[in-house]
Structure formats: structure tokens, C-alpha cells
Amino acid sequence: MTTVLLVDDEKLILRSLEKTLLRAGFDVLTAADCKNGSETFAQNVGDVNIAVLDLNMPGFDGIPKTGAGLDLLDELKKQKADLPVVILTAYDEVSRAKDAVSRGASAFFVKGREQGLVELIQKILG
Amino acid sequence: MADPRKLPQVLYIADSDESRALVGRLLSDKYVVLEAANPLDGIQLAEDTHPNLILLDNNLPQITGNEAATRLRKVVPNTAIVIISGDLSDGARERALAAGAVGFIPKPIDDDFVPQVDAYLNGRVEKLEQPELHLQAYQQELAEKFEGTIRQLTTTLERNKYLLQQNQRMVDMLERRHRLLETAARVGQLVTSILDLDDLLKYTVDIICSEFNFYYSGIFLRSDDGKWAVLRAGYGAAGHKMMETNHRLPLDDRSMIGNAILKQQAQIASDAAGEVSRFKNPYLPDTRSEMALPLVAKSEALGALTVQSDKLNAFSEEDITSLQVMADHIAIALSNAQLLDKLANANAELLRTKTFEAIATATGEAIHWVGNKAAPIPGSIKRVREDLNYLLALIGQLDESAWENASLRAAVETVKEEAEMSGLDLKAILDEMSAMKPNRLSALVSVESLIEDLDIAENSAKVILDIKEGLIGPARQRNDAAVSLREMITNTVENMGLPGGVVEMEWSDDMPHAHVDARQVEQVFNNLIKNAWEAMADTPEPKICVHGRCDDDPNFVLVTVKDNGPGIPKEIQEKIWVSFFTTKGGSGGTGLGLSSVMQIVNQHGGKIDLESEAGKGAMFSVRLPVEKTNQGG
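Here the protein sequences line up with chains A and B, keeping their order. Numbering-wise (numbering that gives the first Met the number 0), the first sequence opens with residue 0 and increments by one. Numbering-wise (numbering that gives the first Met the number 0), the second sequence opens with residue 0 and increments by one.
Heads up, a few of these hints could be off.
To be verified - Once the Cα atoms are required to be at most 20 Å apart in a straight line, the calculated EDC-like pairs of lysine to aspartate or glutamate come out as: (1) B:381 <-> A:118; (2) B:529 <-> A:60; (3) A:10 <-> B:454; (4) B:606 <-> B:537; (5) B:529 <-> B:457; (6) A:34 <-> B:537; (7) A:10 <-> B:465; (8) A:10 <-> B:457; (9) A:10 <-> B:550; (10) B:381 <-> A:17; (11) B:436 <-> A:26.
Stated by the list, open to error - Restraint ranges, calculated between C-beta atoms of paired labels, are given here: (12) A:80 <-> B:348: 49 to 59 Å; (13) A:60 <-> B:551: 40 to 50 Å; (14) B:334 <-> A:60: 27 to 37 Å; (15) B:348 <-> A:81: 39 to 49 Å; (16) A:60 <-> B:461: 22 to 32 Å; (17) A:81 <-> B:393: 37 to 47 Å; (18) A:76 <-> B:498: 52 to 62 Å; (19) B:350 <-> A:48: 49 to 59 Å; (20) A:60 <-> B:353: 33 to 43 Å.
FYI, nobody ran anything at the bench for these hints, they're computed from the structure. None of these values were measured; they are calculated from a predicted model. Positions of the beta carbon are idealized from the N, C-alpha and C atoms, including for glycine.
Chain A with its partners taken away, still in its complex shape (with noise of 0.2 Å):
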């Protein structure tokens, strides 16, 4: 079973998202933040597969935060370094979402079609 840590702090994109994945058959772990995102990975290591991270939400702190999801990566990755990592965003911030990419994420998914995460998820992990 592939399990999906999905962390975005608009709550009806987190569970629309997250039906998607469910229905796809992917077991899905939710956040709303880098805090409650990296807290709710380190409990589940050995189980999370992939990650989704929104690009911006609240930071570490609590306080949103224009990339905070780039922080969030960057703590996953110290957690678990070959973890698959996949960048969500506005279609208007894909500049940014690239950055991510060269940052060590696997992709950037811009948010939209949401059956296009569950095939850019299965690519990723083959």
C-alpha cells in the first residue's frame, strides 16, 4: 500500500485532494502546516512514501509564509533523504515551484486536475 503525506493549508483543497488520492487507492496522511506537516511525518516514517507539500502555507512558526513549503522539504529530506517529493502550486507561481525542483523535490504538480497528481504519483513511484 502507498501512503501519501499531504500538507496544504486551504482545508477544502487538503480534502478534496485527499478523496482523490483515497479513491485512487493511496493511503493519505493530512497536515495544515510545516509544524503539523513534519510532526505527522516523523511518526510515520517508515510508512510515507511520497510527499505532496502546498508552496505556501504557514511557516514552522505558524505565520503564512510565501514558500514555507520549500522548509517543509528541506526538513523531510534531513528526516529522510531519498523521500519522493512533489510540490504543489498556483498555476501563476510555477517559476517558484521550478526552484523547488532544483531544491531536491521530484516534481511540482500546479493545482487544477487533480487525477493528474495521482498519475504524476504513480510515475514517481514507478
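Using the hints provided, position chain B relative to the given structure of chain A.
Okay, now just chain B, sitting in the frame of chain A:
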């Protein structure tokens, strides 16, 4: 000594001090001696005192002794007059007697002077032989004298007349010069007071013609392409006609205006008819002399002033000087107007750039927000569709034929038919479902999930509608009433649930109620305080000070909201008012806060200002209209 009042009085008229001293000394023993230094004084004195005897020195200023004697005879007919004279020529004595004297004492005065005076006083009258002859001689003398005097008077008169003319001319010139300079000064003042250039130019040509009495005046300005001198103001009916026909002259050496502008030199034609380089204007047939003065500012000729007269040689030095002063004033005004134009253009350019920037920001942000909020909708709908298919597949399994209720039977039949018609292969779906493990199938065919997905879609749509509301909300109908901002803001702050001690409030006792829509204005302060709080996330000891008082303008209530956060950098201070501009990253507000705050305040006729410096906190000042009927509180 005898009583002086009883002594006979002798008047001696002589201009020589020595003579008067001598005679005075000789006669003062026996007579009261009166003295006069010139004949006119003497005649006056004689009239006043009626002396017993008058001694007249013949050599007198102004008129001769003889003439004086003739006059005295008329003034004091009963007084004897004796001429004392150094003129010992033939007939001198006789002429004296003919002039009206009773005697003639030759100079120098010697020992027998006093006895002679005594004798005349006692009535001695010398007799004149052949009086007609001597009278004639005397008249001859008089005539010659008169002639000389008249000649002298005539010369003097002419000289006076000439001087008078000179003076009048000088006075006229000074007056004109004064008026011209005054006029020039007035144009100078107008330069600063009349902002509309066309008004100034028209006023100037009018003033030139009315004050200087010229036939015509006009002002030409160089066209933008430098090819024409275009008439911008003209005097009187001719000026009006020319303005109507867009009168202009090519900028070349064939007109005085063209020459004045090209050469930056005054062009003066004292006799216009003889001027070769002159445009003969059909509207101005009476021009006899003409000048064109360049309007030069910063060594650039911006145009020229034409002044025309119906007289030859109409322009004096003064005219040219003061008209040039005026031209200089106009040139400065033109130069200023051009500068102002450039400034206005630069300003408009800046505004355009800013507006584009703001629109780009607002549009980008709007798309970002709507896009983000709409993101879950397609996913939810896709799942609902799937769920619906599963449910339809299950409905397809119903055997309704045995149902008693015909309506229900018909409904199920219709669902089955419509599903088939819309291309759904219910059988294939059912096969797919049958192949699933029970727990997976129950996860898919879940009413709870179905409702949740509908909720997700609904809520996403609601957020998008909220954005719309934020944009157009302030435009809604207002219900203005007396509102105690103190009460309202205190409540708002309480409901916001900020940590204790963060918000400090200070209210002046004399702060009046505001006349506002309570709901909208509550939004204003809610937004400002929320913004301040969110901006101070990294501030060690966050403080928000709300201070309410009466504004300096008694028509407004002033509430300031001040924080000690990071402040708002100068470069974004204008952008913060723009819709969808946000510093809060992806998940903060809608970016509509301050733009709707400003809209609400503006719509109330109030004002909102920001004072901030990076690193030094920010202060918003909100001015709202005062409630006029119910003061206090």
C-alpha cells in the same frame, strides 16, 4: 532836540548804501529821513507815509528816477519830488523837471545840499523853459526805455513759453512712462495671477491697446513644429476675425514677426509702408508704423508681440522699453506654462504607468485567488459524477415492475431510460463494482462522501462569491445613523479575540458620534486592526493603539489605528489600496481588505491616510463625518 513826530519827513530812494548813509547823516538833524533801496519799495513807502519831500536818485534798478518821479506824481500829487543825479549831460535837468520833479540836485552832494533841501521843502519849484520841448525829450527817453523793456519782456515771455512747453513735454513723457511701466507691471502681476495662458495673452493685447493707445496688438506663438507663428491673441474686431480664421504666418524672414522670432531681435518700422519685410494684413489697413518684439525666455524665442499704430513714428524709446518689459513678462509666463505642461504630461505618464501596474497587480491577484479557490471544484464534481454512476448502476438493478405505486415505478423507469440514452453503460459499471472488494466499494458508494463533495464545491463557490462581495460590497445601500465609534470599536476588538493587552484604546471625552453605516464602518476598523495584528507576527511586543478624538476640522471624527510592526515600505504604500494586492502570501486574506476599507471611507465622504516608514510601524488615520444632530459620546 525837537519832537521827531513834528519834524518834516523826507523820503530818500537810492540803491547805493553809501548814498543813503550820507544823506541820512546830513538830514537827520532836521528831518525824519525815510529810506528805500529800490523805486518800487519807495513808491509803496511814499503811498503809505505821504512824506513832505521825496529825494530820488536817478540811477535806480528796475526803472529810472525820472520814471519813478512820474509815477510818484500820480501816487502822492502833493509831495515835492527832487531828482538827485550824476547825469550832468545836456537836458538831464530838464528831463527830470519834465518827468514831474520840482528840482534837480547834481551829484556829488556837497555843502549846499542841506540848504537846497530846505529850500525845496519850503516850496521852491524850479521853472522849466520851453516845457513841451523837454517833455518830448523825456517821452522819447521813456519810449526808448519801453521799447527795450518790451523787447526784454517778449524775449522772456518766449523763453518762458519754451520752458513751459519743455516742462509740459517732460511731464507728459514722465506720465506716459509711468503709465507704461505701471501697465508692464500689471502684466507682470497677471503672469502670476492668470493661470490660463489664453486669458493672459488676450488681456495683454487689450491692455496694450487701451493704455498705450495703439491701433492693434497681437501675440504670436511659435508652432510645435517650428514652421509657423500662430496668432494666439489679437485686439479688437480685427483680432477676433484673425483668431477665427486661425491666422498664422510662416516662420521666415518675410514678416516682421518671423524676423523677430528668428533673430530674437525687436523689429521696428517707423514707416510701415517702406518696410519690405512686412506682412500687409488686410484686416489692419490703417497701420502706419509697426513693431514686433520677440518673446524670449531662457534664450529661446517662444513667439512675438506685434504692436501697430495708425500714426507714423509712433514708438518712443519709452514705448519700446516698456513694451519689451511686457514682452519679457509674457515670455516668462509662456515658459512657465510650457514647464507646467511638461510637468502635467510627466505626471499623466506616471499615473498611466502606476495605473497599469495597479491593474496588472489587481488582475493577476484576482485570477490567482479565484483560480486557487476554484481548484477543488472540478475534483469534487468528478467524484460526484462517479458516485452518481455507481448509484445509477445500483438503481439499474431494481426490479420496479412489482411496485404498487405507479409514480415510483415510472420514476425508476425514467431514470433507467435516461441513463441509457445519455450513453451510460450501467452494466459495465456494475461489473466493475462487482469486481471490487467490499470495503473499497463501500468507500466509493458513500452518501457521506457524496454530500461532502457537494459541500466542497459549494464552499469553494462561496469563497469565490465572498471575493466578489468584498469587491462590490462597499457599493451596497448604506443605512447611515448616529454611531458611537468608541462603543463600536470596543465591541469589535472584543469580538476579535486578540491576546489581552495588545490593543490599547484612548478616547477623548468630547468625541462626537459619527454619522455612518454601522456595519460597513465596523468592517473598516475590523480590517485595520486585523491587518495590524497580522503584520506584527514577528514583532516581539505587538501593540495596537486606537485613538479616537474630534478632528481639527469639526466636521469630522478622527480615529487612528497605530501599530509598532514592521511598517509599510514607501514603494508599496500606494499599492496597498489596490484590490487583490496582499503582502500575506497565498493564504492570507483576499487582498480586498484595504481597497474596500478605502471605498467605504470614501463613500461616507471621509478620508483615510497612511503614515508609515519601514521599521517604524504604521498608522492609519480614518476621518468620518460627524453626527450633526446628536453630539457627544
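Results for each hint:
| no. | hint | result |
| --- | --- | --- |
| 1 | B:381 <-> A:118 | holds (16 Å) |
| 2 | B:529 <-> A:60 | holds (19 Å) |
| 3 | A:10 <-> B:454 | holds (12 Å) |
| 4 | B:606 <-> B:537 | violated (30 Å) |
| 5 | B:529 <-> B:457 | violated (27 Å) |
| 6 | A:34 <-> B:537 | holds (17 Å) |
| 7 | A:10 <-> B:465 | holds (16 Å) |
| 8 | A:10 <-> B:457 | holds (13 Å) |
| 9 | A:10 <-> B:550 | violated (44 Å) |
| 10 | B:381 <-> A:17 | holds (14 Å) |
| 11 | B:436 <-> A:26 | holds (16 Å) |
| 12 | A:80 <-> B:348: 49 to 59 Å | holds (54 Å) |
| 13 | A:60 <-> B:551: 40 to 50 Å | holds (42 Å) |
| 14 | B:334 <-> A:60: 27 to 37 Å | violated (60 Å) |
| 15 | B:348 <-> A:81: 39 to 49 Å | violated (56 Å) |
| 16 | A:60 <-> B:461: 22 to 32 Å | holds (30 Å) |
| 17 | A:81 <-> B:393: 37 to 47 Å | holds (44 Å) |
| 18 | A:76 <-> B:498: 52 to 62 Å | violated (35 Å) |
| 19 | B:350 <-> A:48: 49 to 59 Å | holds (55 Å) |
| 20 | A:60 <-> B:353: 33 to 43 Å | holds (35 Å) |
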